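Please model the complete structure; the sequences and the hints are all you need to start from.
Chains A and B are the protein sequences, given in the same order.
Count the first sequence with our numbering and you get residues 1 to 117, in order.
Count the second sequence with our numbering and you get residues 118 to 606, in order.
Read the hints as simulated data drawn from the structure, not as lab findings.
Source: prediction; values computed, not measured.
Built from N, CA and C at the ideal position, the CB exists for glycine as well.
Don't take each hint at face value.
[To be verified] Which bits of chain A does chain B cover? Going by a derived footprint, with three or more residues having C-beta under 8 Å, they are:
{"no.": "1", "segment": "1-12"}
{"no.": "2", "segment": "32-39"}
{"no.": "3", "segment": "46-55"}
{"no.": "4", "segment": "90-102"}
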Amino acid sequence: MIEALWHNIDYVACVVLFCIGLYAMIAKDNLIKKFIGLNIMETSVFAFIVALGVVEDGDAPIMGSGATPPFINPLPQSLILTGIVVAVSTTALALTLIIRIHKQCGTIEADELREME
Amino acid sequence: MVVLAPLVGAVLTPIVARRDRRIAQWWALGIMTVTSVAAVALMVRVTEEGPFSYYLGGWVPPIGIEFRFDEVSAFIGIVCLVGWLAILYSFRYTEWLRGLEKPRIPYYYTLLLLNLAGLIGISITGDLFNFFVFLEIISLSGYALVAVSGERIAEMAAFKYLLIGAVSSLLVLLAIGLIYALTGSLNMADISARLGGAATRPLGVAIGAFTVGFMVKAALFPLHIWLPDAHAIAPSPVSAVLSGLVVKVGIIGMLRVYQIVYGSGSMNLDGLNQVLMWLGAISIIIGAFFAIFQDDIKMMLAYSTISNIGYIVMGLGLASQYGLIGASIHVFNHALIKATLFLGAGCLIYRTGKRTLTELAGVGRSMPWTAAAMSIGAISIVGIPPTAGFLCKWYIALGAVQAGQTFFAFALVFGALFIFIYYIRMVNAFYFRPPADPEILAVKEAPPSMLVPVLLLAALCLIMGVLGRLPLTFIEPAVTRLLSGMGGG
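Here is the structure:
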C-alpha cells in the first residue's frame with residue numbers, strides 16, 4: 001500500500017494539493033483567499049495532467065539532429081498550456097469582480113457580505 | 118463556419134462599433150443571422166444524410182480536431198433562435214440598464230456573441246478537450262454577463278457563480294485527463310472504441326467527475342445554489358440565454374459521456390442512472406417548492422429552471438426510450454418556454470421598474486400582450502395539453518412507466534402540481550388582483566423590438582405543442598442509436 005503510494009508520489013501530491021485548495025475555498029471567508037484556494041486546485045489538476053505525460057528518462061520532445069527517443073508526451077503539456085490561459089482569464093475576471101464588490105460594499109469578507117444582503 | 122462566424126464577429130464587435138455604438142447591435146444581429154442560416158443548412162443535411170463530420174485544418178482524427186454533427190447537435194437550432202431573439206431584445210434593454218455605461222455596450226454584444234459561439238461549438242465538437250475549451254468560453258462570458266446588470270448584489274452573484282463554475286470546469290478537466298490517461302485519445306469516437314479494455318475503477322472516477330462537473334453546470338440539486346441569484350440578477354435577455362441554453366450544456370455533456378461509455382460497452386451505468394433519477398426527482402420538488410415562496414418574479418423563474426432541469430435529468434436517468442425522448446424534447450421546449458418567460462419578465466421590469474409579484478399586480482390590464490405571452494409560457498411550463506410543455510412531460514412520465522418506475526411518474530405529476538400553484542399565482546397577480554399601485558395601470562405596452570421576440574416565442578410554445586413531431590424526427594434516431602449501445606434498454 002505504502003509502496004504503491006510512494007511509487008505514485010506525484011499523483012499523491014496532486015490529490016493533497018487539490019484538498020488544500022478545496023479546504024481554502026470552503027473554509028475561508030475572505031474572497032481573495034477563497035480564490036487562491038481555487039487557484040491551488042487548478043494547479044493541482046494541471047500538475048496531474050502534465051504528470052500523466054511523463055516518461056521515465058524521457059527527453060523534451062523537440063525534434064532536431066540530436067533528438068533521441070524516448071520522448072515525454074507533449075500533448076498533455078500543450079493541453080495544459082490552454083488550461084493555464086483559461087485559468088489566467090478566470091483569475092482576471094474574479095479579481096475584477098472582487099474589486100467591484102469592494103467598491104460597492106466596502107468589504108470582501110463573505111460573512112459580512114451575507115449580513116449586508 | 119457556424120462556430121467561426123460568431124467567434125470572429127464577437128472579437129470584431131468593439132472595433133466595428135468604435136464610431137457609433139448603434140452599429141454594434143446591428144452587427145451582432147447580422148452575425149447571428151448568418152450563423153442561423155448556416156445552422157439551418159447543417160440541420161437539413163443531418164436529417165437527410167445522418168451524422169457527418171468536418172475535420173479542422175484537414176487533419177484526420179484522432180490527431181486532428183473533429184467537428185461532428187449529429188442529432189444532439191440539433192441543439193444549435195434552438196441556440197440560434199433564442200440567441201437571435203435575445204440580441205434583438207437587447208437593443209432597447211441595454212440602453213436602459215443602469216450597470217452598463219453607454220460606451221460599453223459593444224462589449225456586451227461581444228460577450229453575448231462569444232457565449233452563443235461557445236454554445237454552438239460545444240454541441241458540435243467531437244473532441245473532448247475542444248469541448249472543455251468551449252465550456253470555458255461559455256462559462257467565462259456567462260460570469261461577466263451576470264455582473265453587468267448593475268443590481269446591487271450583481272457582482273456577488275457573479276462571483277459565487279464563478280467560484281462554483283470554475284470548480285466544475287476543473288472537475289471536467291480532471292475527468293478529461295483521466296480519460297486521456299486511460300485511452301491515449303481525446304477524440305470521442307476514438308475513445309469509445311478504445312475504452313473496451315480499460316480498467317473500470319479510474320473510469321468510474323472519471324465518469325463521477327464528469328457527472329459532478331456537468332451537474333453543477335446544469336444546476337441539479339444539491340449543486341444548484343449558484344443559480345437563483347445569478348439568473349435572477351442578470352439582465353433579462355442574458356437570463357433567457359443562461360436559463361434556456363447555458364444550463365443545458367451540462368445535459369449535453371452528460372449525453373456525450375453516455376454516448377462514449379455506452380458505445381464502448383465497458384461499464385454498466387445503472388448505479389449512476391439511479392442516482393440521477395433520484396436527484397432529478399428531488400430537484401423537481403425542491404425547485405418548485407422554493408419557487409412558491411418567491412415574490413420576485415425573476416427569482417421565481419430561476420427556481421423553476423431548477424425543477425425543469427430535474428425533469429430532464431430524471432428523463433436521462435430513466436434510460437428508457439420514452440424517458441430519453443422526453444428529456445431531449447424538454448431541452449428544446451424548456452429553452453423556448455423559459456426564454457418567453459424571462460423576456461416577458463424583462464418587458465414588465467423595463468416598463469414598470471418593479472420586480473415583485475405584489476407590486477406588479479394588475480399589470481395585465483396595461484400590458485395585455487406581454488401578460489398574455491407570459492401566461493402562455495406559464496401554461497406551457499405546467500404542461501397543460503395544447504402547449505409545448507405537455508409533450509415532454511407526457512413522454513417522461515411514459516418513460517417512467519416504461520422503466521417500471523411508477524413512483525417517479527408520481528413525483529413528476531406532484532412536481533407539476535407545485536409548478537401549477539406558483540404560475541397560477543403569477544397569472545392571478547397579472548389579471549385578477551387589484552393593482553397595488555395605480556401607476557401600474559398607466560404604463561405603456563413594451564416597445565416592438567422587445568415585444569416581438571416575446572410574442573414569437575410564445576407562439577412557438579403553442580406551435581410546438583401541436584407540431585410535436587418536428588423535434589421527434591431529430592431525436593428518435595439519436596435515442597435509438599444510444600440505447601442500442603446498451604443492449605436494447
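Do the hints match the structure? See the list:
no., hint, in the structure
1, 1-12, "violated (count 0)"
2, 32-39, "holds (count 3)"
3, 46-55, "holds (count 3)"
4, 90-102, "holds (count 7)"
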